[in-house]
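*Asks:* Protein chains in written order, with full-length UniProt numbering: chain E, 1 to 336; chain U, 1 to 334.
These are computed hints drawn from the structure, not numbers from a lab. Note that the coordinates shown come from a computational prediction; the quantities given were computed from them, not determined experimentally. Take these hints with a grain of salt, some might be off.
[Claimed, not checked] Derived coverage of chain U by chain E (criterion: at least 3 residues anywhere in the stretch with Cβ under 8 Å from a Cβ of chain E; other residues may be distant):
#: 1; stretch: 219 to 225
#: 2; stretch: 252 to 260
[To be verified] Listed next, the in silico DSS-like pairs over lysine-lysine satisfying Cα-Cα at most 30 Å (straight line):
#: 3; chain 1: U; residue 1: K199; chain 2: U; residue 2: K146
#: 4; chain 1: U; residue 1: K199; chain 2: E; residue 2: K323
#: 5; chain 1: U; residue 1: K322; chain 2: E; residue 2: K58
#: 6; chain 1: E; residue 1: K323; chain 2: U; residue 2: K322
#: 7; chain 1: E; residue 1: K233; chain 2: E; residue 2: K146
Idealized CB from N, CA, C, for every residue including glycine.
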Amino acid sequence: MGTVPTSLKHCLSHEQLIQDYPWLTRWLQEEKTITGHEYPEFVKIVEVGPRDGLQNEKEIVPTEMKIQLIDMLSQTGLPVIEATSFVSSKWVPQMADHSDVLRGIQRAPHVQYPVLTPNMQGFQDAVAAGATEVAVFGSASETFSKKNINCSINESMLRFEEVVNMAKKRHIPVRGYVSCALGCPHEGHIEPSKVAEVAKRLYEMGCCEISLGDTIGVGTPGSMFQMLQTVMKEVPTKALAVHCHDTYGQALPNILTALQMGVCVVDSAVAGLGGCPYAQGSSGNVSTEDVLYMLHGMGIETGVNLAKVIEAGEFICSTLCRKTNSKVAQARGRTL
Amino acid sequence: MAAIVRFVNRSSYSSAMGQQFLTFSSAAKAGVRANSVLPEKVKIVEVGPRDGLQNEKTLVPTETKINLIDLLSESGLPVIEATSFVSPKWVPQMADQVEVMKGICRKPGVSYPVLTPNLKGFQTALKAGASEVAIFGAASELFSKKNINCSVEESLQRFDEVMKAAKEAGVPVRGYVSCVLGCPYEGTVSPEKVAHVAKRLYSMGCYEISLGDTIGVGTPGSMTQMLAAVTKEVPVSALAVHCHDTYGQALANIFVALQMGISVVDSSVAGLGGCPYAQGASGNVATEDVVYMLHGLGIQTGVDLTKLMTAGAFICRSLNRKSNSKVAQAICKL
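Construct the complete structure from the given sequences, taking the supplied hints into account.
*Replies:* Here's what the structure looks like:
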């Protein structure tokens, strides 16, 4: 496909993904059925620790450490590592070194390094720094949208359309996030139809993948099922991802529900980096290690080496002087 | 109940992505809902005061244990495992077993089972007023030898005496099988072995068999395989799951167990009780987190989450430690 970036090729063509990861074909012949529930043979993990994780950590991490973290994660087999965010450093000081991080990392072949780009300025800066995949962040809650990015959902969509159109011209794939998919810290309950509406808008404007985020971790398998059932009427399942927070301990059963419904892309953060800004001291992102443990235990392939992820997690936790949020990492560190 | 097979219309395969990705939209259209195979009600067996405290380093005063159990009794929990009639030489935390049993305010309609590893323990428990007891088998030979110093078969024979005495006294007996998804010494444990031990306990007269993932290594994969084997030998209505959260898998494992027809779940308030096999790691799954999930699924438990959290906060203050329940951590800090 000529000079089209690998990331776009994977996004557009399953066949290209198989070409680049030939070992996947082994698992494509049969369904994986575990007692009546069918699960994907392969789940793509989108590692959001360096961006979503670090963004919610109080300690500012030096650029060098961020680069080292991403480089360690690049050696684990993770296919996607969200590297940084091109937001104004006034709002997110942790991400002030976005260009230095993107330029400093050693990009592993076949790994994508998307970056957040909330607007045209951010997009242009990202491209100048070498970004080959970007992400935009919408919300299913009007109040959250106004408080978080200071505009309505509709205004944010118009902003993202500019980014997506420019990205299309440059053959840069765009991932769309929908936050508050299972509840909002301000509005409480969020209608699945609203989530579906925002997801559809992002998908139709050209986002190749839509990540549905349980921003405050209040969801349960019940609400996850209802939400996905509604969203799947508007967006193909293959284009959906789930981004579950573990604030109420529900992330893994929620992810399991999503897998049972055919979703095969899961966001997670190494060491469960990133607390919850809405429940001080509580956990936020689900730990990549715990997700991997579950998936591998179910015979689902991810291409990721759990031991190496644990190592990367230990590195960033010692840098942050904090304990890991991953139960697997805690247990593995201390068995008989 | 046999494993439920959900029909998926194969013509819904997405041709662009190949056959490994199934779209479930047809299943949704056919009205098959994920939670249509879930039980309407789940009985929570609260093991905090026994299994939880037994694995806490700090010795808890008798009065505190009694207060904890009384607070739990007010939360709507139908079963609260109160204490253990093992020798205090082995389990010092449970040395005050008789005082605890005599000191608690028993709420009508609530059961207060106690562990009785042998006939002597059973007799002492009966004298102290126990009206339900529990016995503990293992699916791993090595674990049985290291834990209670005899083989699995020998332990089952020992329990025979307890069963006979319990039958005579009209006292129901709950059976536990530990290491159902893995053993700290043997590693993998075969589902058939678990099924064999569960069947033995059930045939001996245990009314309910609690299947314990003692070291929390299980995942939804191994849980479903194990339950598929056990449900061939023991009716699913007589089964419970006792999941440890040492690897963060407990709620996912409980969820698939519910999907397979299990409707009794063991858990521990505030996730009391670490894992003796992984120092500093967590053990029992937190009752608050289980109840949050079940209520979110529309499943009734009869438990008042707020009152449960009060009990959890109380025992954590007494132990001077943070709750292991994520729900408690989140709700107390909003």
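*Asks:* Next step is simple, just say for each hint if it's right about the structure.
*Replies:* Now for the hints, and whether the structure bears them out:
1. Check on the stretch 219 to 225 of chain U: 6 of its residues sit with their Cβ under 8 Å from a Cβ of chain E, so the three-residue criterion for coverage holds.
2. Counting residues of the stretch 252 to 260 of chain U whose CB falls under 8 Å from any CB of chain E gives 6; the rule of at least 3 is met.
3. Between K199/U and K146/U the alpha-carbon distance is near 23 Å, which keeps this suggested pair within the 30 Å criterion.
4. Restraint check for K199/U and K323/E: the C-alpha separation of about 42 Å exceeds 30 Å, so the hint is violated.
5. The straight-line distance between the Cα atoms of K322/U and K58/E is roughly 21 Å, inside the 30 Å bound, and the hint therefore holds.
6. Of the pairs offered as hints, the one joining K323/E and K322/U holds, with about 14 Å between alpha carbons and a cut-off of 30 Å not exceeded.
7. For the given pair, K233/E sits about 27 Å from K146/E by alpha-carbon distance, which is consistent with the 30 Å threshold.
Hint 4 from the list above is the single one not met by this structure.
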